[in-house]
Amino acid sequence: MDKNKFKNIPFSLLLNLAATFIVALVANLVAIAGYYRITPFAGLARLFFDNIYTAGYFVLLWLMNFVIFEAVNEIFEHVSKIRTIAIFNHKIPGVMLAGFVVTVAVLALDPPAVFKSNFIILAAWVMIYDWLEYKHIIQGGR
Amino acid sequence: MKKILNINIIMALATVAVIGYIMSLFYPLYQFHTFNKQVRYDIELYNGDFNAIFTLADLNIYRDGDGGSIQGGKLTVLAGDNFTDQKNYTLEIRLDDRVAICDYTFTYSDGEHEYPIEMLEDATLLPSVGRVVATVYDESNQAVASEVLTMTPARLINGYNKTMRLEKVTLSPRYMRLGQLVTTLDLSGYDSIALEYRYLTSDDLDPADNNSYTVFEKIEGTPEQMLAGTDYGIYRFTNAQRDIPLRPLSVAVVMKSGDTGTVVKIDLD
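Chains P and L are the protein sequences, given in the same order. Numbering of the first sequence is given in the working numbering, commencing with residue 148 and proceeding in unit increments. Numbering of the second sequence is given in the working numbering, commencing with residue -8 and proceeding in unit increments.
It should be emphasised that the hints constitute simulated quantities derived from the structure, not laboratory data. Any given hint could turn out to be false.
[To be verified] Calculated lysine-lysine pairs in the DSSO-like style (CA-CA distance at most 30 Å, straight line):
(1) L/K28 x L/K153
(2) L/K153 x L/K247
(3) L/K256 x P/K263
(4) L/K247 x L/K65
(5) L/K65 x L/K78
(6) L/K78 x P/K263
[To be verified] Here are the computed distance ranges between Cβ atoms for each label pair:
(7) P/P259 x L/D234: 41 to 47 Å
(8) L/N202 x P/T186: 41 to 47 Å
(9) L/T221 x P/T186: 26 to 32 Å
All C-beta atoms in this analysis are idealised placements derived from N, C-alpha and C, irrespective of residue type, glycine included.
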């Protein structure tokens, strides 16, 4: 393991924690504000200060997003077979394909609003992260 | 090297599976406490002026989503000089001198009487509306008396435990809207359900002990009646009970079947 990569791990973790927090937050606000027809700002109060179960589930969703994100990165980094996938002689990054498949699957399955927006935004973030890494704008801990 | 990485992947997937399983277990709880929760915004219109020609009390405007209505209310004519016996008068309540939210006709009879305002009318109203004026007109549309009303938004009360919730509860200095019980439990097996609204008798007493409370209102019924989806109305505080809204409140849900009963506590705050 080289030294630079090791240095970047805390930054990578903090970025992922922050990003997955925002994903869970936006997903919950979309669901709550959409359901009650209130502004996202009023939705914030409902999410955090109304009762402990709603707030607790938010934390659980955040944790879930974080673990999924880390797992996806781990898989696509180290399983070389699916790093790029050839479709009609075009090489497509596996992460991009997986994100697209997840988005289509979520739209088709139509889960509760909170999961729907959560997984679509999470898939989008995974793809954006991969692209940013590919362009060397950010360096992950890998 | 490869082996370690595979273990990482397996560990990560296992963690996803565990958290996913926990989330699926807790989803009904999240669903119950996050969605389908009804809130009622109560605003009390009130004139407490001792020189008033008439008073309006117990008149509530409530908002629920986009709609709203006026509920209840008592009109009391105090000084009778402006009024003639057995004549018809119209009470009009205006918001910001623009929108009439209530238009109520009554026949005056001599002396101090209460006229219950029964009409319910749709009213879309913002809680921030500044000035509310109530005016009484006679039959020739001349203003007889006019009063400026104070708007007191009632405090929204949140009350829940893991499986039960009291929603649409509001508290104002003069009344408490008792709300309605919603629950994830199947209570149909019980003979009766009673809600005991109570306050902590003294600050020195232990809030966890049921004997520390004084019950001021009790509502009882069969599970079907209690969970029918209609709220339990309003409890009005008497002058002696004026400090109840300032005390810690809670509700004891007493579920009885035969001789056995279960008591569940819901704190209101």
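Right, here's what the structure says about each hint:
1. Proximity of L/K28 to L/K153 is assessed by CA-CA distance (about 14 Å); at most 30 Å being required, the pair is judged to hold.
2. Only pairs whose Cα atoms come within 30 Å are accepted, and L/K153 paired with L/K247 is accepted, the gap being roughly 20 Å.
3. Proximity of L/K256 to P/K263 is assessed by CA-CA distance (about 35 Å); at most 30 Å being required, the pair is judged violated.
4. The straight-line distance between the Cα atoms of L/K247 and L/K65 is roughly 37 Å, outside the 30 Å bound, and the hint therefore fails.
5. Proposed proximity of L/K65 and L/K78 is supported: the alpha carbons are some 19 Å apart, at most 30 Å.
6. Only pairs whose Cα atoms come within 30 Å are accepted, and L/K78 paired with P/K263 is rejected, the gap being roughly 64 Å.
7. At roughly 44 Å, the beta-carbon separation of P/P259 and L/D234 lies within the given 41 to 47 Å, and the hint holds.
8. At about 45 Å, the beta-carbon gap between L/N202 and P/T186 stays in the expected band of 41 to 47 Å.
9. The hinted range of 26 to 32 Å is satisfied by L/T221 and P/T186, whose Cβ atoms lie roughly 30 Å apart.
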